[in-house]
Amino acid sequence: KIAIKGIERELICPACKELFTHPLILPCQHNICHKCVKEILFAFEDSFADGGSESSNQSSPRIRITASSMDRIDRINRSGIKRNSLTPRSTLFPCPSCQRDIDLGERGINGLFRNFTLETIVERYRQAARAAIAIMCDFCKPPPQESTKSCMDCSASYCNECFKIHHPWGTVKAQHEYVGPTTNFRPKILMCPEHEMERVNMYCEICRRPVCHLCKLGGGHANHRVTTMSTAYKTLKEKLSKDIEYLISKESQVKAHITQLDLLLKETECNSERAKQEASQSFEKLYCVLEEKKSAALRAIETSKNIRLEKLQTQVEEYQGLLENNGLVGYAQEVLKETDPSCFVQTAKQLHVRIQKATESLKSFRPAAETTFEDFVVDTAKQEDILGDLSFHSSGLEIPEINEEQSRMYNKALISWECSGKTDSADIYVLEYHKLNKEEESVTWQKTEVCGRSKVLSDLDDDSSYAFRVRAYKGSVCSPWSREVIMRTPPAPVFSFLFDDKCGYNNEHLQLNPRRTSVESRAGFPLLLGSERLQVGCFTTLDYIIGDTGIAKGKHFWAFNVEAYSYLVKVGVVPSSKIQKLFHNTPDVISPRYEQDSGHDSGSEDTFFDSSQPCTLVTLGMKKFFIPATPAAPKDPASRILPLPSCLGVCLDCDRGRVGFYDAGRMKCLYECEVDCSGLMYPAFALMGGAAVHLEEAVAAKDREYHGDI
Numbered sequence: 001k002i003a004i005k006g007i008e009r010e011l012i013c014p015a016c017k018e019l020f021t022h023p024l025i026l027p028c029q030h031n032i033c034h035k036c037v038k039e040i041l042f043a044f045e046d047s048f049a050d051g052g053s054e055s056s057n058q059s060s061p062r063i064r065i066t067a068s069s070m071d072r073i074d075r076i077n078r079s080g081i082k083r084n085s086l087t088p089r090s091t092l093f094p095c096p097s098c099q100r101d102i103d104l105g106e107r108g109i110n111g112l113f114r115n116f117t118l119e120t121i122v123e124r125y126r127q128a129a130r131a132a133i134a135i136m137c138d139f140c141k142p143p144p145q146e147s148t149k150s151c152m153d154c155s156a157s158y159c160n161e162c163f164k165i166h167h168p169w170g171t172v173k174a175q176h177e178y179v180g181p182t183t184n185f186r187p188k189i190l191m192c193p194e195h196e197m198e199r200v201n202m203y204c205e206i207c208r209r210p211v212c213h214l215c216k217l218g219g220g221h222a223n224h225r226v227t228t229m230s231t232a233y234k235t236l237k238e239k240l241s242k243d244i245e246y247l248i249s250k251e252s253q254v255k256a257h258i259t260q261l262d263l264l265l266k267e268t269e270c271n272s273e274r275a276k277q278e279a280s281q282s283f284e285k286l287y288c289v290l291e292e293k294k295s296a297a298l299r300a301i302e303t304s305k306n307i308r309l310e311k312l313q314t315q316v317e318e319y320q321g322l323l324e325n326n327g328l329v330g331y332a333q334e335v336l337k338e339t340d341p342s343c344f345v346q347t348a349k350q351l352h353v354r355i356q357k358a359t360e361s362l363k364s365f366r367p368a369a370e371t372t373f374e375d376f377v378v379d380t381a382k383q384e385d386i387l388g389d390l391s392f393h394s395s396g397l398e399i400p401e402i403n404e405e406q407s408r409m410y411n412k413a414l415i416s417w418e419c420s421g422k423t424d425s426a427d428i429y430v431l432e433y434h435k436l437n438k439e440e441e442s443v444t445w446q447k448t449e450v451c452g453r454s455k456v457l458s459d460l461d462d463d464s465s466y467a468f469r470v471r472a473y474k475g476s477v478c479s480p481w482s483r484e485v486i487m488r489t490p491p492a493p494v495f496s497f498l499f500d501d502k503c504g505y506n507n508e509h510l511q512l513n514p515r516r517t518s519v520e521s522r523a524g525f526p527l528l529l530g531s532e533r534l535q536v537g538c539f540t541t542l543d544y545i546i547g548d549t550g551i552a553k554g555k556h557f558w559a560f561n562v563e564a565y566s567y568l569v570k571v572g573v574v575p576s577s578k579i580q581k582l583f584h585n586t587p588d589v590i591s592p593r594y595e596q597d598s599g600h601d602s603g604s605e606d607t608f609f610d611s612s613q614p615c616t617l618v619t620l621g622m623k624k625f626f627i628p629a630t631p632a633a634p635k636d637p638a639s640r641i642l643p644l645p646s647c648l649g650v651c652l653d654c655d656r657g658r659v660g661f662y663d664a665g666r667m668k669c670l671y672e673c674e675v676d677c678s679g680l681m682y683p684a685f686a687l688m689g690g691a692a693v694h695l696e697e698a699v700a701a702k703d704r705e706y707h708g709d710i
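Note that the sequence shown covers residues 1 to 710 in the numbering used here.
No lab work stands behind these hints, which were simulated from the structure alone. Every value quoted in this text rests on a predicted model; they were computed, and no experiment measured them. All C-beta atoms in this analysis are idealised placements derived from N, C-alpha and C, irrespective of residue type, glycine included. Keep in mind that the hints are not guaranteed to be accurate.
[As the list claims (entries may be wrong)] Quick list of the computed label-pair ranges, beta carbon to beta carbon:
(1) 21 <-> 447: 27 to 33 Å
(2) 255 <-> 169: 19 to 25 Å
(3) 297 <-> 263: 48 to 54 Å
[Unchecked claim] Each computed SDA-like pair below joins lysine to any residue, with the alpha-carbon atoms no more than 20 Å apart:
(4) 357 <-> 412
(5) 555 <-> 398
(6) 412 <-> 663
(7) 305 <-> 288
(8) 294 <-> 199
(9) 17 <-> 115
(10) 447 <-> 357
(11) 216 <-> 387
(12) 234 <-> 258
(13) 502 <-> 377
(14) 412 <-> 451
(15) 435 <-> 485
(16) 216 <-> 243
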């Protein structure tokens, strides 16, 4: 017998929060119900079909998919799961225990092992929990009798009478293995899920799973280190037994820790109540301040209202007196009835003055008071921002700072930050960003929570500047915001290509890496042997290489790095109609006639040279960027030489017929010119001497890995 009551926590599925039913072992070594795996994958398929709508999230009443899980579903949707028909399809599954995206391989659920050991323990627990509930016979006529035994070969339960009927003496069934009543039927031999007719007889130490001999011979474990099943069983059992014995021997220490933790629980309760009271008092103070301000503002508005109403009412009464037989006019009419001149003059003089004032006010009517209360509008925008940032600030939590060298803008934005301390004390980081727009008066920050120290953003607009800031959180405590960093996105969508190793590629002078993302010119013995026959000058040619993909329309941007030791590199674009001329009629560019200090200062040589080029290129080398000599360029050669940026970019606008060369680190245009885009345009590079060019790699969310000991 085992102490079954205390292990219920280990028998709960992390997805459905119920006891395991037919548990499967994931590659990360966590367990999950077979039904839960299917329901989560069905939810994924619904999200693929519905675009991740909220209605698809509740496809299963058994499993509730959280917002973080849906974020991971969206990430998997964007991570390249859509493959062409020639690429084997693999299934990504979000493990509910470790929160990682697990690759289930091509076979998906069918490639997972069923955890029969865990299933047996769960069945023991169920039997202990429902000892009073009997397992009924599967073959009795109604009403069924209570079963007395279960056949492991038939996967059924029987009462004594039915067992004798279905397992008669002298037959093969009489040799079946039977146990006490149970609902857990496990196979006698564990078969390989990839080769269903083969039993597992080895253990892969790399993948940490049983395999058969076909898996080792030609399957996915051909180059993996394996051991026999008996050796793995003995080794793992010894390790597990030794670890269990160690834990049992430390029982007194464990109890002491439990006692200490109980005290910490009580202390935490008391401290939390005290913190609540202090927080409530702080907010009560704010409420009092706001109430005082509110009362003062309302009193001021009420006082102004009464004064204005009094003025307007007086003005109303004055104008009512101008009506016939009413007020001033009525009084004047009565005065006109006076026949005695002396009495009339005595009264009419003052009355005439009042009548004249009334006449003037009637001609230029103006209300005695304003009806609007614009002067009494309370501007709380700044206070709202301050209250929005109201949180538990701690001096012990370090302020993260965005690392501009590690952060970069390309096809996506990679924002990285770091803290000055050696240890990461924060539980989570909050990254905020917004687009810089002079027309917008108010700033709306977009917020995202990050568990690590970097974040990839893919929803930014091209040719735009963004401000970024980050803060750290540890529980409810947060650090102040970091310094805002402004970065600019590329001027156009990023164009992806590789170096072409077929069209005109000179493998004697140029060397490509296996991924075709870097090219290096090798100034070796062929150059020395060619120069050995020459007495003056250095008559050598450039070695050209182009991209393997052309551009027909639209606006595109790509970036690359030029090694600092590079002697001469040219970059730009070439139309498809002039590619043959580029490779078969390469001009001599380092003869004395075209040397910078050859004495020809008229510029006619440069003009002739530029017009003879089949492609549009700019010159780089010796840590410098050379602006081409054009009529619009500065005449002073020194003004046309700029420091070479660490990362360069090219922006081709086929619709406008222009190409620009950028400092890709700051997204600043260094030089722009017209280009003929009548045909397909290809990225072009030329190298001479010791030089190397590396294409900028696209920003992509790094695959999460899972590690652990056997």
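Each hint, compared with the structure:
1. 21 <-> 447: 27 to 33 Å: Given a distance of about 40 Å, which is not inside 27 to 33 Å, the answer is violated.
2. 255 <-> 169: 19 to 25 Å: 56 Å, violated
3. 297 <-> 263: 48 to 54 Å: With Cβ atoms ~51 Å apart, the hint holds.
4. 357 <-> 412: Answer violated: residue 357 to residue 412 is near 75 Å, above 20 Å.
5. 555 <-> 398: 43 Å, violated
6. 412 <-> 663: Roughly 17 Å separates the two Cα atoms, so the pair holds.
7. 305 <-> 288: Violated, at roughly 25 Å.
8. 294 <-> 199: 80 Å, violated
9. 17 <-> 115: 18 Å, holds
10. 447 <-> 357: 65 Å, violated
11. 216 <-> 387: 63 Å, violated
12. 234 <-> 258: Judged against 20 Å, a Cα distance of about 33 Å means the pair is violated.
13. 502 <-> 377: Status violated; Cα separation ~72 Å.
14. 412 <-> 451: 19 Å, holds
15. 435 <-> 485: 12 Å, holds
16. 216 <-> 243: 31 Å, violated
Hint violations for this structure: numbers 1, 2, 4, 5, 7, 8, 10, 11, 12, 13 and 16, all remaining hints satisfied.
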